[in-house]
Amino acid sequence: MKKTILNLKTFAAVILTASLMTACSSDDDTVVTPDTDTEEQETEEPVEEEDPRWITVAGAKMGEEPGDGNGGTLIYAVTSVDAKDPTVSIDPFENGFIAPSNRTARLQSSEDGNTIFNISYAGDTGGNYTKYTVEGGQTFTPSGSEVSIAPYVGTAPRWIKLFDGDQTGAAVYVSTENEFDDNDAYTRTEATIGVVTLDLVNSSIKEFQEHSVPLSAEEEAAGYYISRIDMPTLNAAGDKLYIGARLSKVDPATAESDSDYEILGSKTIVLDYPSLLNPTVITSTVGHGNTNGYRSINSFEYNGSVYQANQSDPEGSYILKIDADNEYDDTYDFNLDEALGIEGAYILAWRPAANGKAVVAYRHNGSAEGVAGLQGFFALVDLNAQTAVRIDDIPYDPDFYLFQYQGFVVEGTEIYLTQGAVGQNGNIYVVDTETGAVTKGAELVNTTGSHFIGVF
Amino acid sequence: MKNFLTATLFLIFLSAKGQDFSSTVSGKVTDTSGKSLPFASVLIEGSKLGVLTDDYGSYTLKNVPLGQHNIVVSFIGYTTLSKDLEISKNTKQITLNYTLEENVENLNEVNVNGKSKETKLETKGFAVNAIKTEEASLRNIQTNELLNTTVGVKIRQNGGLGSDVTYSLNGLSGNSVRIFIDGIPISTYGNSFNLNSIPPSMIKNIEVYKGVVPGHLADDALGGAINIVMHNDAKTNFNASISYGSFNTIQASVNGLYRFDKSGLTVKASLFHNYSDNDYKVSGRSVVTNGLGGVQTPITARRFNDAYRSTGGRAEIGYTNVSWADQFFIGVTGSDDYKEVQHGAFMTITPYKDRFLESDALLGSIKYQKKDLFTKGLDVNINGLYGKRNRAVNDTVSWAYSWTGERAIDFRGNEYQYTWRSQQEGGPTLAKIKRNVASIRTGVSYAINKNHKLSANHVYSGIDREDSDALQSVLENTFVGTRDLKKNIYSITYELTAFDEKLKTSLFGKHYQQKTTSVDPAIETDTDGNDVIVDEVVSSNKNYDGYGFAASYEIVPNITFLASAEKAIRLPDETEIFGNDGDNVVANSSIDPESSENYNLGFRFGNFSIKKHDFTISTNVFTRNIKDRIGLPIETSLNVDDELIVYVNQGSGTSKGFDAQLNYSFNNNFGLNFNISKFDLKIENQGIEIDVPNTPFFTMNGGLRYSFKNLIQKKSRLNAFYNVYFTDEFSFLTAQGSNTVGNEFFEVPQQLSQDIGLSYAFPDKRFVVSFDVKNIFDEPVYDNLSVQKPGRAFYLKLNYAINKF
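Residue numbers (our numbering), protein chains in the order written: chain A, 51 to 506; chain B, 139 to 943.
Note that these hints are calculated values from the structure, not bench results. The beta carbon of each residue, even a glycine, is placed where N, CA and C say it ideally should be. Any given hint could turn out to be false.
[Stated by the list, open to error] Footprint (simulated), chain A over chain B, 3 or more residues, beta carbon under 8 Å:
(1) 263-275
(2) 431-437
(3) 556-563
(4) 820-829
(5) 879-892
[Unchecked claim] If you anchor each label on the Cβ, the simulated ranges turn out as follows:
(6) B:G769 - A:T498: 35 to 43 Å
(7) B:E674 - A:G416: 31 to 39 Å
(8) A:G416 - B:D866: 29 to 37 Å
(9) B:T438 - A:A267: 25 to 33 Å
[Claimed, not checked] Some chain A residues well away from chain B (every beta-carbon gap over 10 Å; in silico):
(10) K111
(11) T183
(12) S193
(13) P201
(14) K290
(15) E312
(16) L390
(17) R413
(18) P445
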């Protein structure tokens with residue numbers, strides 16, 4: 051009953067918006083508007099038949115400092131119809147469900163948006179996997195049994211849902227130890243990785259393997275080692291798992307950590323899947339930054355290849371390409387600095403649609419210094435044409451920062467995202483990757499010092 | 139006034155009845171505040187003639203023979219006073235009044251009238267509580283438990299006996315609270331000689347200063363100070379106790395002092411030993427076993443790697459109450475402890491096995507105390523400590539264990555080792571920290587007269603720290619830096635007492651100086667092109683000032699108004715200045731101290747005696763305004779890969795609240811006490827204020843005591859106790875919206891724990907047997923999110939004491 055009322059309201063709102071938009075539409079977006087219009091009408095007539103996708107909005111509440119996101123991760127679900135409706139107002143900080151995680155939860159959603167997956171980060175339940183059936187609003191009903199990946203990858207796990215039809219999650223861990231010869235001279239740093247795969251459907255551990263991942267003798271002698279890994283991604287064939295890596299370096303003379311050293315080519319660890327055996331390390335000659343991302347998925351399969359962003363690259367972030375042969379395609383040279391005509395581009399989060407066009411969240415040297423770090427922007431990127439354009443239909447406040455940004459929702463060629471500066475209200479925006487048209491969606495009500503970290 | 143009238147009339151009446159052939163000496167005995175002292179003994183020295191004063195403190199000695207006499211007046215708890223007089227033929231009626239001064243040394247035996255030492259301390263103007271340990275030392279009560287029941291003090295313990303403790307005073311905790319043993323920072327003694335291990339029987343009392351710390355305890359105590367005053371009697375005595383109870387807990391202590399009365403040579407020694415398996419039952423969301431595929435089964439488990447042992451003692455030799463010293467001791471303090479670690483800051487599904495901490499300390503001490511040195515009113519007090527202390531962490535087991543205490547299995551059903559090859563993530567360790575420690579506090583005070591007193595105080599504390607790890611290579615151990623920290627804190631205090639002691643004020647200034655040096659070996663190329671190891675030395679020398687005052691005014695008798703304020707400082711510690719190699723935190727030698735303006739305003743009503751009812755009520759409202767809080771900046775895309783994170787001064791904070799306490803007793807055999815403490819703690823960053831999460835902001839404690847006299851045996855005494863402790867629920871997370879769901883995950887539930895106890899003193903007063911039941915209703919109690927504390931526990935304790943030989 052409640053739902054019907056909501057839908058009627060929504061319906062009215064949609065009609066209103068649609069007619070408004072039609073009225074104001076310029077020549078370019080004539081394609082879009084009637085499209086949504088008819089689509090919505092179709093879904094409205096038979097209410098029970100095909101519900102619109104749930105869009106779950108996530109906010110990170112302020113802990114001690116504005117923008118730190120340590121005060122809880124709150125989620126709230128609306129229909130995609132509501133999400134696109136600028137008259138709808140969503141207030142996850144007032145009405146949301148607090149995801150059980152001591153620090154900011156790393157959330158994933160099923161492709162249809164009906165399930166939210168969470169692995170608790172740090173604290174007493176760090177490593178606990180929980181899944182929730184999305185039922186709209188603040189209602190997220192736990193389903194499945196409890197399982198924890200903490201025994202394998204610790205209580206602060208770096209995990210990602212693989213793109214295999216919501217079957218599997220993968221989490222990784224690395225521990226390092228310096229090695230010395232008989233004369234107490236530094237020889238190398240041993241990096242041991244642990245990789246665990248989790249059956250998301252049955253809530254159980256699928257596989258766990260542990261490996262040493264050596265670098266080349268020359269690199270090791272200089273003190274380089276893999277110090278952090280993250281962002282496992284399946285290749286198109288589904289027989290290899292790629293894991294992003296960050297390199298660090300010790301000074302071989304003292305075995306103390308080094309700074310101001312030469313940044314090596316970007317590296318990725320490649321494992322057999324699903325056995326998680328036979329690790330190798332591949333190196334790009336194009337990019338020179340880390341490939342472990344931060345909190346959002348950093349590499350995606352598209353058209354038979356895996357496209358991977360890098361970070362902290364001295365030349366600005368690249369999007370790198372790993373081909374079906376599981377090696378970097380060094381002929382693919384897509385630099386964001388060049389494409390956007392900026393310096394110091396740093397990809398914070400990104401997401402391609404099936405058409406090879408992606409939305410990239412980034413910051414650069416020209417970003418304003420906001421309350422919680424450098425100002426972020428969104429760009430529309432074409433992986434094939436290797437072009438990038440800043441999306442100017444989204445407002446950018448100096449306090450709008452995207453470092454902790456996690457989630458985009460892809461629906462066809464449209465990509466949903468959240469916008470909102472620290473402590474200020476924002477909106478959901480929907481980017482049509484084909485046309486570049488940007489739709490301002492539901493209002494996001496913020497609270498002091500907090501920010502939005504995406505949609506799922 | 140009324141007393142005076144009565145006494146005068148009495149004297150007139152007496153004189154009227156005076157006899158011809160002998161003289162009558164009469165008078166009144168009062169204390170320094172003018173209060174009459176009934177039942178004081180008045181004796182003519184060398185004769186058998188003597189009387190006790192009456193209810194009004196008056197006495198009359200009849201038939202005093204002719205000649206020279208010395209009349210001695212004494213009263214328990216007060217100094218003995220004698221006066222000479224001559225009875226000649228013409229003297230028939232002599233009036234001789236006595237004013238006795240309170241004897242601080244013997245005060246524990248006083249429970250009649252007069253202000254106790256605790257009361258005196260609590261009416262000086264500071265927001266201070268003085269906690270007597272006398273009763274607790276006979277029961278199965280640990281020092282920390284005793285502190286936790288004190289108003290405004292909250293102790294959070296991460297488990298059972300020997301586990302980590304944090305102290306909070308009016309909302310300020312951690313580094314903001316300084317703890318002393320006889321004025322020496324407790325950190326000097328190390329982990330093996332702390333409030334977990336020192337038995338209450340070694341302690342005379344505990345002073346808790348909230349927000350404003352007097353000059354004689356000057357340190358960089360931002361939120362207040364706790365001073366443990368060890369026994370300093372000069373009377374031969376001996377006591378021993380042993381307690382046994384749940385979780386195989388043994389606590390034993392022996393204290394003895396022998397004084398050679400002729401020479402004043404005094405030897406004293408104390409020994410303690412504590413042991414507990416801490417194998418209490420736990421359950422909850424993280425106490426599960428993992429089966430095939432990682433399937434979890436919740437269980438109730440006994441903690442299996444949580445044992446604690448501490449052993450220690452102190453021996454001193456010196457002189458007491460001799461012409462050149464009230465107390466002079468040189469001594470040695472040794473202690474050693476072992477603590478198994480069951481889990482990290484939280485209880486997780488991966489409990490630790492065989493991770494443990496060890497510490498030991500061996501320290502030499504010197505103590506000198508003299509009142510009226512050289513001239514009346516000049517008091518000197520010196521307390522020094524020097525020695526070594528060591529700390530070791532041992533974590534080398536790589537196999538995973540389950541909450542059952544057995545090896546855990548992985549999803550395939552096999553026993554397995556952690557990828558990090560240790561129990562706590564971060565890798566195996568045999569880390570050792572060696573420290574040379576020294577601390578000396580010197581206080582000099584001069585009472586110009588009854589109204590003016592000046593004092594100066596200095597405390598030095600220094601720590602030289604050296605780290606090593608046997609599991610690390612020679613190279614790594616070579617390039618580990620050393621950190622030295624030396625603090626000098628000076629204070630000057632002026633105390634004014636005026637208007638018949640109704641007004642007491644204390645004005646103080648403090649000067650803080652901290653010198654820190656870090657030495658990091660590094661490789662440099664010398665002029666010949668050779669690599670040489672050189673020490674990179676970074677040092678900083680900082681000076682800061684603070685000041686404050688405390689004042690009390692007795693508006694009408696027994697109603698005292700108290701106010702105190704201080705601009706307090708906390709100097710940055712070694713990690714905050716030099717960073718920590720392991721955490722990629724580097725030095726920031728320009729970091730400023732945290733500072734706070736602290737205010738207390740209170741009233742004290744009492745002690746009021748109405749017939750046999752006695753009661754005291756005291757209240758205090760406070761604010762703390764903290765500036766330049768020290769913390770780490772948030773992680774951003776700029777610093778996420780950086781080795782260059784530094785501690786910075788960021789934001790401010792406030793704590794506001796009140797404390798109140800009530801003590802009531804009836805006829806000396808029924809006692810009731812209750813206290814309540816509530817505060818709001820907020821911090822502000824970049825103009826945004828939030829309530830600090832994970833803070834128990836509302837606590838109440840209550841206690842009842844009833845004494846049965848002559849039960850079973852004559853002259854015996856049975857005390858029955860009931861205590862209740864309440865801590866309101868609080869959230870681990872910042873305040874959320876009004877309509878959110880899922881909040882309960884982060885809640886630390888309300889705690890209500892009740893204890894009962896009995897203690898029976900045998901007629902000869904030498905034996906006391908105590909039986910205590912703690913947490914009688916077996917309530918799950920938590921100080922920290924999900925970390926469960928012990929449930930119901932039983933303890934029996936035997937005490938034996940001889941005070942006269």
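Verification of the supplied hints:
no., hint, verdict
1, 263-275, "violated (count 0)"
2, 431-437, "holds (count 4)"
3, 556-563, "holds (count 5)"
4, 820-829, "holds (count 5)"
5, 879-892, "holds (count 5)"
6, B:G769 - A:T498: 35 to 43 Å, "violated (19 Å)"
7, B:E674 - A:G416: 31 to 39 Å, "holds (37 Å)"
8, A:G416 - B:D866: 29 to 37 Å, "violated (50 Å)"
9, B:T438 - A:A267: 25 to 33 Å, "violated (53 Å)"
10, K111, "violated (6 Å)"
11, T183, "holds (14 Å)"
12, S193, "holds (15 Å)"
13, P201, "violated (6 Å)"
14, K290, "holds (21 Å)"
15, E312, "holds (15 Å)"
16, L390, "holds (16 Å)"
17, R413, "violated (6 Å)"
18, P445, "holds (21 Å)"
Going down the numbered hints, you'll see the structure goes against 1, 6, 8, 9, 10, 13 and 17, while the others check out.
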